[in-house]
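Asks: Chain residues, written in single-letter form:
There are 2 protein chains.
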Amino acid sequence: MTVATTRDRIVEAADALFYQRGFEKTSFAGIADAVGLSRGNFYYHFKTKDEILDAVIALRAARTQAMLDEWTALAPTPLDRLRCFAEMLIHNREAIQHHGCPVGTLCAELAKSAHPASGNAAMIFGQFRDWLREQFEALGHAGDADALAMHLLSRSQGIAALANAFHDEAFIRHEVERIDAWLASLAPKPTATRARRAKNTHS
Amino acid sequence: MTVATTRDRIVEAADALFYQRGFEKTSFAGIADAVGLSRGNFYYHFKTKDEILDAVIALRAARTQAMLDEWTALAPTPLDRLRCFAEMLIHNREAIQHHGCPVGTLCAELAKSAHPASGNAAMIFGQFRDWLREQFEALGHAGDADALAMHLLSRSQGIAALANAFHDEAFIRHEVERIDAWLASLAPKPTATRARRAKNTHS
Chain A
40 MTVATTRDRI VEAADALFYQ RGFEKTSFAG IADAVGLSRG NFYYHFKTKD EILDAVIALR
100 AARTQAMLDE WTALAPTPLD RLRCFAEMLI HNREAIQHHG CPVGTLCAEL AKSAHPASGN
160 AAMIFGQFRD WLREQFEALG HAGDADALAM HLLSRSQGIA ALANAFHDEA FIRHEVERID
220 AWLASLAPKP TATRARRAKN THS
Chain B
40 MTVATTRDRI VEAADALFYQ RGFEKTSFAG IADAVGLSRG NFYYHFKTKD EILDAVIALR
100 AARTQAMLDE WTALAPTPLD RLRCFAEMLI HNREAIQHHG CPVGTLCAEL AKSAHPASGN
160 AAMIFGQFRD WLREQFEALG HAGDADALAM HLLSRSQGIA ALANAFHDEA FIRHEVERID
220 AWLASLAPKP TATRARRAKN THS
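Residue numbers (my numbering), protein chains in the order written: chain A, 40 to 242; chain B, 40 to 242.
Hint data in this document are derived by calculation from the structure and do not stem from the laboratory.
Misleading hints may appear alongside valid ones.
Copies of the same chain are indistinguishable here, so a pair counts whether it falls within one copy or spans any two.
As the list claims (entries may be wrong) - Cut-off 25 Å, straight-line C-alpha distance, at most; resulting in silico cross-link-like pairs (SDA-like, lysine to any residue):
{"#": "1", "residue 1": "K88", "residue 2": "D183"}
{"#": "2", "residue 1": "K64", "residue 2": "H137"}
{"#": "3", "residue 1": "K228", "residue 2": "D47"}
{"#": "4", "residue 1": "K88", "residue 2": "E51"}
{"#": "5", "residue 1": "K86", "residue 2": "R217"}
{"#": "6", "residue 1": "K64", "residue 2": "G182"}
{"#": "7", "residue 1": "K228", "residue 2": "P115"}
Go ahead and model the full structure; you've got the sequences and the hints to work with.
Replies: Here it is, written out as structure tokens:
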């Protein structure tokens with residue numbers, strides 16, 4: 040096992056514990072135990088919990104970017120890409136019901152303690168916001184793309200918060216359907232000319 | 040100063056600290072310091088932080104009910120009452136930008152630690168949900184009143200989460216306008232007969 044791999048294992052374990060238990064509630068010793076490392080080996084990699092937090096935020100930012108890049112590559116249209124974002128709530132429904140949204144809950148916790156990493160954690164919201172804005176621009180809503188991006192992001196946050204409080208999977212599915220309908224209403228409609236032409240072709 | 044008043048002051052101080060710093064981050068000693076009490080006097084009222092948490096949740100539940108009763112009494116129509124709920128985000132915009140929603144952030148924190156009081160904290164969401172459902176029923180949406188209540192509650196949660204992450208007051212105002220427009224679209228329309236009658240009256 041290389042030094043890099045041990046560090047990665049620490050960050051992976053901390054990522055999971057911060058999500059499942061919260062940052063404040065997770066101890067330095069708890070992370071070391073989860074990875075099965077001696078204190079000496081652990082301190083070689085990280086001196087403070089704040090250093091681990093920085094590494095966890097960097098890991099989450101990298102994973103977020105990889106996910107957004109994948110959606111961009113695999114979904115053919117802006118509408119499909121926006122739906123990938125909404126579908127994320129369904130894919131992650133089990134974890135969300137147990138622990139909420141990893142980004143939202145970490146941001147909320149760090150904001151309360153006015154933690155120096157608070158702004159970095161919020162930058163992951165910024166990654167989603169920028170990507171969503173691009174999709175709304177491509178969908179033909181350049182004028183209010185940022186407002187639409189913030190609206191969709193906030194709806195996803197609200198769904199995660201209530202699904203977590205009520206442990207309600209049907210609620211998640213119902214709200215994602217509602218988002219899909221809203222997104223469809225924003226998609227460009229065939230023009231009257233195109234519609235006529237289509238009709239003529241069929242007749 | 041009576042015994043009851045000292046207890047109330049402890050609960051008030053804990054309520055503020057749990058909101059501003061988080062439950063886990065707030066120590067027993069920190070609450071005693073905020074109230075300016077000796078340990079002996081403090082322990083007379085509360086033996087554990089969990090006992091204080093129960094009292095804080097009871098206080099918040101009582102205040103929530105008083106606020107809902109006030110909205111019911113003062114706002115003349117179901118639409119006005121639903122708007123009172125949305126306006127709450129604007130009234131509390133400073134605190135929300137700094138600390139998020141008090142209900143949502145406490146629920147999220149307690150859910151992560153699987154705290155026994157987690158369900159009680161979520162019951163405050165339940166108070167809002169029940170009251171919102173009644174308003175949507177009165178607005179003529181008996182069939183999907185609960186889904187509409189959950190939708191509005193989740194939108195308010197999402198707005199609080201992002202306003203907290205981005206410290207963005209304009210975003211709060213923009214989203215509340217969007218909610219107002221959505222609520223207006225759900226309000227009963229004058230029927231065609233009524234509209235014709237109104238026209239005849241004016242002509």
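Asks: None of the hints should be skipped; say for each whether it holds.
Replies: Checked hints:
For a Cα distance limit of 25 Å, the shortest separation of K88 from D183 qualifies neither inside one copy, at 40 Å, nor across copies, at 47 Å. Proximity of K64 and H137 under a CA criterion of 25 Å is satisfied in both settings, with 16 Å inside one chain copy and 21 Å between copies. Neither within a single protomer nor between protomers do K228 and D47 lie at most 25 Å apart by alpha-carbon distance, with minima of 48 Å and 60 Å respectively. For the identical chains of this complex, K88 and E51 are intra-copy neighbours only, at 14 Å inside a copy versus 31 Å across copies, given an alpha-carbon limit of 25 Å.
When the C-alpha separation of K86 and R217 is checked against a cutoff of 25 Å, the pair qualifies neither within a copy, at 47 Å, nor between copies, at 47 Å. Taking identical chains as interchangeable, the C-alpha atoms of K64 and G182 are never at most 25 Å apart, the minima being 43 Å within one chain and 43 Å between chains. When the C-alpha separation of K228 and P115 is checked against a cutoff of 25 Å, the pair qualifies only within one copy, where the shortest distance is 17 Å, while the shortest distance between copies is 40 Å.
When held up to the earlier numbered hints, the structure conflicts with 1, 3, 5, 6 and fits the remainder.
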